[in-house]
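One-letter residues, chain by chain:
There are 2 protein chains.
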Amino acid sequence: MHSFELLSQKFALHFEQKHFPDEPASLYGPNEYFLGMGGKRIRPVLCLMGNEMFDDIKPDAWEMATAIELFHNFTLIHDDIMDNAPLRRGMETVHKKYGVNTAILAGDVMLIAAYELMNNINLLVIRQVQNLFNTTAKEVCEGQQYDMDFEKRESVSFQEYLRMIELKTSVLLAASLKMGAILGGAGQRNQDLIYDFGRKLGLAFQVQDDYLDAFGDPSKFGKQVGGDILANKKTFLLIHALETAPASQQKELKDIQQKRSADKVDKVLQIYRDCKVDEWALRLKNRFLDEAFTHLEDIAVISSRKEPLKQLAGYLVQRDH
Amino acid sequence: MHSFELLSQKFALHFEQKHFPDEPASLYGPNEYFLGMGGKRIRPVLCLMGNEMFDDIKPDAWEMATAIELFHNFTLIHDDIMDNAPLRRGMETVHKKYGVNTAILAGDVMLIAAYELMNNINLLVIRQVQNLFNTTAKEVCEGQQYDMDFEKRESVSFQEYLRMIELKTSVLLAASLKMGAILGGAGQRNQDLIYDFGRKLGLAFQVQDDYLDAFGDPSKFGKQVGGDILANKKTFLLIHALETAPASQQKELKDIQQKRSADKVDKVLQIYRDCKVDEWALRLKNRFLDEAFTHLEDIAVISSRKEPLKQLAGYLVQRDH
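Going down the list, the protein sequences come from chains A and B.
For the working numbering, count along the first sequence from 1 and bump the result up by 112.
For the working numbering, count along the second sequence from 1 and bump the result up by 112.
Simulated from the structure, these hints should not be mistaken for laboratory data.
Every value quoted in this text rests on a predicted model; they were computed, and no experiment measured them.
Please note that the accuracy of each hint is not assured.
For identical chains, the list gives no copy identity; a pair is met inside one copy or between any two copies.
[Unchecked claim] With a cut-off of at most 20 Å between alpha-carbon atoms, the simulated SDA-like pairs for lysine to any residue come out as follows:
(1) 345 x 213
(2) 130 x 246
(3) 208 x 194
(4) 209 x 145
(5) 152 x 427
(6) 208 x 195
(7) 209 x 263
(8) 264 x 213
(9) 366 x 269
(10) 264 x 137
(11) 122 x 155
(12) 422 x 403
(13) 209 x 265
(14) 130 x 251
(15) 264 x 371
Using the sequences provided together with the hints, build the complete structure.
Laid out in structure tokens, this is it:
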């Protein structure tokens, strides 16, 4: 059994290679550039951990983990175009540096490269793994489309937002664990449980992310605190406030969104506090985290095998009391 | 054995179905819209013909043919963005009608849908088929990148242009035939021969396309005759003229390209005729066609099984004497 940290280091070494041919350099250069930016590589490590909960890590799991990371990077390259994002991890995005057309093609070929790796998986499980991968890949695209649609909409319900987050973020975490579990020989019920653990952990993580964007410690939170509020971004907090606050505060929230006042962030935060949206968000996060841990508990392996995932969950999402 | 026309009709019926779920309609609606535009469906029919040369058409070949057509449409949706094309088959392109972001995602999910279909292929050949598909898919992306690169370059050699056309156009025709042949149980040598037949047929077709754009009968050619010349598009004709014409005519060609004169097309055509570029192009086309037919002849099945592909080749490329 390996800890999350150790598997992360091992995967980083494994992933540190050329993934594409030399030519055309105008296509594959941008891909290598983007992969070279680094990243936390959480999804591939989840795949390795999903395998190791049930058996020693198989060579197939390394292939699959690499495919998952390539897939994730494909989505990032294309999402950056759609979001018109100039920077990622402090470096120029592919479309800014090389143009939109090359960024589209670079993403396309990154996705195909993921499938190339998956084609080597043991024939006994290749269909099962690819079926899950394909379903998940489509769901991630659907999540991105919903996200773009919601940006243009006046109002979005809590249920709609939850489903969007699930598709855009959670299912890939969940599927990464489950694909590893399949390769490790897990039975159907254990596969389903590890999937649901990942799904709920992803939701808890997103609630935490939305919370920290508003109430986080500026010295610890990686992004600008209040960024979501300034951008009128629909978040768990805003959607809940608009659904549950008294009519007067709902109106005030909407009015603030229309204006560019210097104290916009402070005013919104005050409404959130008045309506106890902050406390609600922490409860919601804890609920998803509890549900995730219940699924983890229910997996039928000795508890020592669950330790690395418990540690990882604690690293990704901090419990608040 | 079925003729090309009959298989085309059968495939059109088979393909006339919903390929995507209802929701999100903002993502899958554009995909159904694009597929509903129709098309000649040549690639999937090549897959069916490749199968039928060696055995009765297997259910897998229908799945594979559908996957190939979805892949082809994925490339068209993304290429239309890159080419900034407003229309296809007289209808608005996806990015014009629904925006670039949705067109990127719609293409992505179309590619994933192709892989979903391929996941059902017989395990005995799934790796071989997907391996060829993945290699071909990457090559098509490489061809598109070269095409974009060449547009910005001062000069492109005949060999470079030939390789670009091979990647962008020929390999998918060739692979469609070969994937069908694999599913039909063809041996390795027959697989290679049918691939090379498709590859050379694709090259002959492109030479013909470049030729007809300059010298075609306006009443028969589907596009505007002279369109390539007006757009300064690098074609087999232009590249050969710039490589072989006397220095004075090379200079004249380059001068004409800089200007927007009313008789631009006539002037370029005159140079082509003076340098006998037209005759050279017809010889080149015939050479590729001859090579294609030699590969077809060499396939080790009785000749009656080759008739449908011979007919198709005659339909796609007309021999000139």
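Consistency of the hints with the structure:
no.: 1; hint: 345 x 213; in the structure: between (28 Å within a copy, 18 Å between copies)
no.: 2; hint: 130 x 246; in the structure: between (25 Å within a copy, 18 Å between copies)
no.: 3; hint: 208 x 194; in the structure: both (12 Å within a copy, 15 Å between copies)
no.: 4; hint: 209 x 145; in the structure: within (10 Å within a copy, 33 Å between copies)
no.: 5; hint: 152 x 427; in the structure: within (12 Å within a copy, 54 Å between copies)
no.: 6; hint: 208 x 195; in the structure: both (12 Å within a copy, 18 Å between copies)
no.: 7; hint: 209 x 263; in the structure: between (26 Å within a copy, 19 Å between copies)
no.: 8; hint: 264 x 213; in the structure: between (25 Å within a copy, 13 Å between copies)
no.: 9; hint: 366 x 269; in the structure: within (15 Å within a copy, 61 Å between copies)
no.: 10; hint: 264 x 137; in the structure: between (38 Å within a copy, 15 Å between copies)
no.: 11; hint: 122 x 155; in the structure: within (14 Å within a copy, 43 Å between copies)
no.: 12; hint: 422 x 403; in the structure: within (13 Å within a copy, 63 Å between copies)
no.: 13; hint: 209 x 265; in the structure: between (31 Å within a copy, 19 Å between copies)
no.: 14; hint: 130 x 251; in the structure: between (29 Å within a copy, 18 Å between copies)
no.: 15; hint: 264 x 371; in the structure: within (17 Å within a copy, 45 Å between copies)
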